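**Q** Chain by chain, the residues run as shown.
Protein chains: 2
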Amino acid sequence: MSKGLPKRSEDYSLWYNELVKRADLAENSAVRGCMVIKPYGYAIWEKMQAVLDQMFKDTGHSNAYFPLFIPKSYLSKEAKHVEGFAKECAVVTHYRLKNDENGKGVVVDPDAKLEEELIVRPTSETVIWSTYKNWIQSYRDLPLLVNQWANVVRWEMRTRLFLRTAEFLWQEGHTAHASKQEAIDETVQMMNVYADFAENYMAMPVLKGVKTESERFAGAEDTYCIEALMQDGKALQAGTSHFLGQNFAKAFDVKFANKEGGAMEYVWGTSWGVSTRLMGALIMAHSDDNGLVLPPKLAPFHVVIVPIFKSDEQLEEISVVAKGIMADLKKIGVSVKYDDRTTYKPGWKFAEYELKGTPVRIAIGPKDLENGTVEVARRDLLEKSIMTLDANFAQGISELLDNIQDTIHQKALKYRESHSFKADTFEEFKSIINSEEGGFVYAHWDGTAETEEKIKEETKATIRCIPLDQEAEEGSCVYSGKPSKGRVVFAKAY
Amino acid sequence: MSKGLPKRSEDYSLWYNELVKRADLAENSAVRGCMVIKPYGYAIWEKMQAVLDQMFKDTGHSNAYFPLFIPKSYLSKEAKHVEGFAKECAVVTHYRLKNDENGKGVVVDPDAKLEEELIVRPTSETVIWSTYKNWIQSYRDLPLLVNQWANVVRWEMRTRLFLRTAEFLWQEGHTAHASKQEAIDETVQMMNVYADFAENYMAMPVLKGVKTESERFAGAEDTYCIEALMQDGKALQAGTSHFLGQNFAKAFDVKFANKEGGAMEYVWGTSWGVSTRLMGALIMAHSDDNGLVLPPKLAPFHVVIVPIFKSDEQLEEISVVAKGIMADLKKIGVSVKYDDRTTYKPGWKFAEYELKGTPVRIAIGPKDLENGTVEVARRDLLEKSIMTLDANFAQGISELLDNIQDTIHQKALKYRESHSFKADTFEEFKSIINSEEGGFVYAHWDGTAETEEKIKEETKATIRCIPLDQEAEEGSCVYSGKPSKGRVVFAKAY
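Which chain is which? The protein sequence lines are Z and H, in order. In the working numbering, each number is its position in the first sequence, counted from 1, plus 9. In the working numbering, each number is its position in the second sequence, counted from 1, plus 9.
To be clear, the hints were calculated from the coordinates, so they are not data collected in a lab. One or more of the hints may lead you astray.
Any copy will do: because identical chains look the same in the list, a pair fits if it lies in one copy or spans two.
As the list claims (entries may be wrong) - Computed list of lysine to aspartate or glutamate pairs in EDC-like fashion (alpha-carbon distance at most 16 Å, straight line):
id : residue 1 : residue 2
1  : Lys243    : Glu408
2  : Lys332    : Asp298
3  : Lys96     : Asp118
4  : Lys465    : Glu436
5  : Lys122    : Glu165
6  : Lys393    : Asp377
7  : Lys340    : Asp321
8  : Lys346    : Asp67
All values reported here derive from a predicted model rather than from experimental measurement.
Can you make the complete structure from the sequences, with help from the hints?
**A** This is the structure in structure tokens:
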């Protein structure tokens, strides 16, 4: 490493960008707004995928794959949907290049123009519902519970690694149901799956709630979401689950013969997704000025062992001990990397694994060999201790990892608690929203899009959600003074 | 099922298309040449992915992700590469739609034209090597062993589900090395990984060999391949591994400081890939006129249990037994589906699982309850037997699955043996190549592209590979009569 990271307190944004690059998570590519996810970053994403995929399967979903391209006319079939996505989509117009007449490279062949332009999918509702039309005839074909892991493209003008990129990776679930209630239950279930994943794997506390109409997915009747709070006091939408009503069924004429008497009814739909944006959330939720802090459950490897030696003989002796530890740890499901490279010094390695967020570092030197001990450092608290290599050692490391997972979660929870406020006047509201610290502001709102928009214009704060656990409380709108029956959650957001 | 499949002997091509659709593997989408991979088909692809991914990791590779889009100028940097791909690529020219002035849907916004067109990746050498330039400075950064799971697009004019589609899913490995020999070793290693996968998981015998110059990957110095023989006597290229020499390093100026004295040298490269085309190979290698035949190692589930009952009481009793069997099988790693749906009759279910290639079917009826037995049917040989539900039952099923895996492989091997021929005259050659039976023809070739091309023109046969186990044998070219030192393998191919 050349030098330390920028400090969060000095330039949070720069800290984030530098951390993503220096920890080898991702980098910008030659194509505007598109990122390269580097092997270390991708290893974290793979861990996320594996956990989520199992959760989807445990709730009865199967994976499938639908085309990358959407005919322009399909995108247009649901009016609000096309309005939401038309302004930022990549359009394929030709299917061939040809040699330039000057012999200088290639140009688009004007004779190879598509009859109908194709849109690179920004999301797949339209192409999937056009397919479901053929898959669904009767109530026997329902529910249809499908998920897709895919890349999507939204032509964002201001991009940031993981948080907002022109191309990103995600999963999108698309389900079809015979009744409204069943579809709503599915929507809520998947929001809960996401919340479970965020809390118990990412160690990231989230609020569960419903979006206001103006923040809804284009084409949905209701959008459920999970919202997290980053260390700069800004909110980040970490996952959404949409109740689509019969909107896409009507747009693509998807009907089923019902169980009762075979009458034809429109199908009820949902869609839900999380993306590589979660990588950004994970990084910002826990990391510090020394680098990444990863919850053990999503770390590419749990433990790194670094030998400290002055001679080949010492290294050999240490390696024997290290390999014994590795074998013991692997047996109980703890993944270990042994970094015995001679091209780098221990100090360099310490800094490197600190930057990359390896939860536990074990250092073994000649003194340790004499004493039958090792030095164990936990990344989250940057604390070191000496542990004896006895029969309980591996179990001790495993418990330490559990403790780290829990400690990270508790710390984030405390941060959120200390950054959640109630505001009863607009002055109060503004002073919190505009403060350095930021945070979630619980305030009364009159329920109108006009007020929501004005608050956004004046403060940049948006309604993150109407929380599911909203308490009934008579009050008056923090902006208009009109009556309200409960507080909603405001924040500036990514 | 409405009616039986077409017979292979009558219309192989129709048999394949119908099988893919009726077994719920894939279907054509609304976008020309792009397929929808249905949940049952995708479940097989997921099994393939999981095995291959582990094989790649076991050989030291990490996954990463690179952009979908390639700037046109990048594609042009390697002369042969662009020549190979320019004629069939999807080109993004605009990044926005706008409302039509007539208010009828959306049109491409002419004000949102890209300065430089973007190509939807047909393969990622160019975008990856442009990235490697920043990742590689010194011999310490090598080897770089990266793989990507992704979708790619090649604008094929004549498409067929799985075998040739405009968009397909694949993995592409891209490695960088300090020496020529190391890169060649990597190329050969990955061909061997593919062959191992084909033989031991797909139960599909493959020839290993090297492509002739005219069949090489655009931009490679050598292409290694595995070639399989389908049941209609046509060959199918199932995987390729390319030694790229320094071609892409030179095109993108990727150099490293060598270990010896720090002199700057060009990096040596490889790339290798297999795709959803393997699904087509798997289907065609083993299936019969009754439907799919799947090797147990890649089947979405190994065993289906079908209860045969006339009353709810009988079903309840059978379910107790079925659940006991499921628990025992799961313990030893055998996956089971229990189909107790009352909406379908046993006969319908038998035909359905036969069509879908479930390796083992267990039927349990009232008689079985009395006798403590079940009826076990193996899909590959369509043979039934009665098995006693004793302490060895689960183990017996596990052994049956091993036997099925082996039997399928042996059958395919025998088919290939009986369809491998030597031809010493062009008359002989033509009579084999043009026969109904088809097959691999081992023949002498003079080593020239001219002869290769003429044979292709006259017979549609291509040189599938120069086999790695080629025997030294003096002979004369089957077409030109010129001298040759060993036989190469010809066939008509997919």
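**Q** The structure should be examined with respect to each hint, and the outcome stated for every one.
**A** Results for each hint:
In this assembly of identical chains, lysine 243 and glutamate 408 lie within 16 Å of each other by CA distance neither inside one copy nor across copies; the values are 33 Å within and 58 Å between. When the C-alpha separation of lysine 332 and aspartate 298 is checked against a cutoff of 16 Å, the pair qualifies neither within a copy, at 32 Å, nor between copies, at 54 Å. In this assembly of identical chains, the alpha carbons of lysine 96 and aspartate 118 lie at most 16 Å apart only when taken from different copies (9 Å versus 26 Å within one copy). In this homomeric assembly, lysine 465 and glutamate 436 come within 16 Å of each other (Cα to Cα) only inside a single copy, at 15 Å, whereas the closest approach across copies is 82 Å.
For the homomeric pair lysine 122 and glutamate 165, the shortest alpha-carbon distance between copies (15 Å) is at most 16 Å, but the shortest distance inside one copy (26 Å) is not. Taking the shortest Cα distances, lysine 393 and aspartate 377 sit within 16 Å of each other inside one copy (14 Å), while across copies they are farther apart (64 Å). For a Cα distance limit of 16 Å, the shortest separation of lysine 340 from aspartate 321 qualifies neither inside one copy, at 28 Å, nor across copies, at 47 Å. In this homomeric assembly, lysine 346 and aspartate 67 come within 16 Å of each other (Cα to Cα) only across copies, at 14 Å, whereas the closest approach inside a single copy is 31 Å.
Against the hints set out earlier in the document, violations occur for numbers 1, 2, 7.
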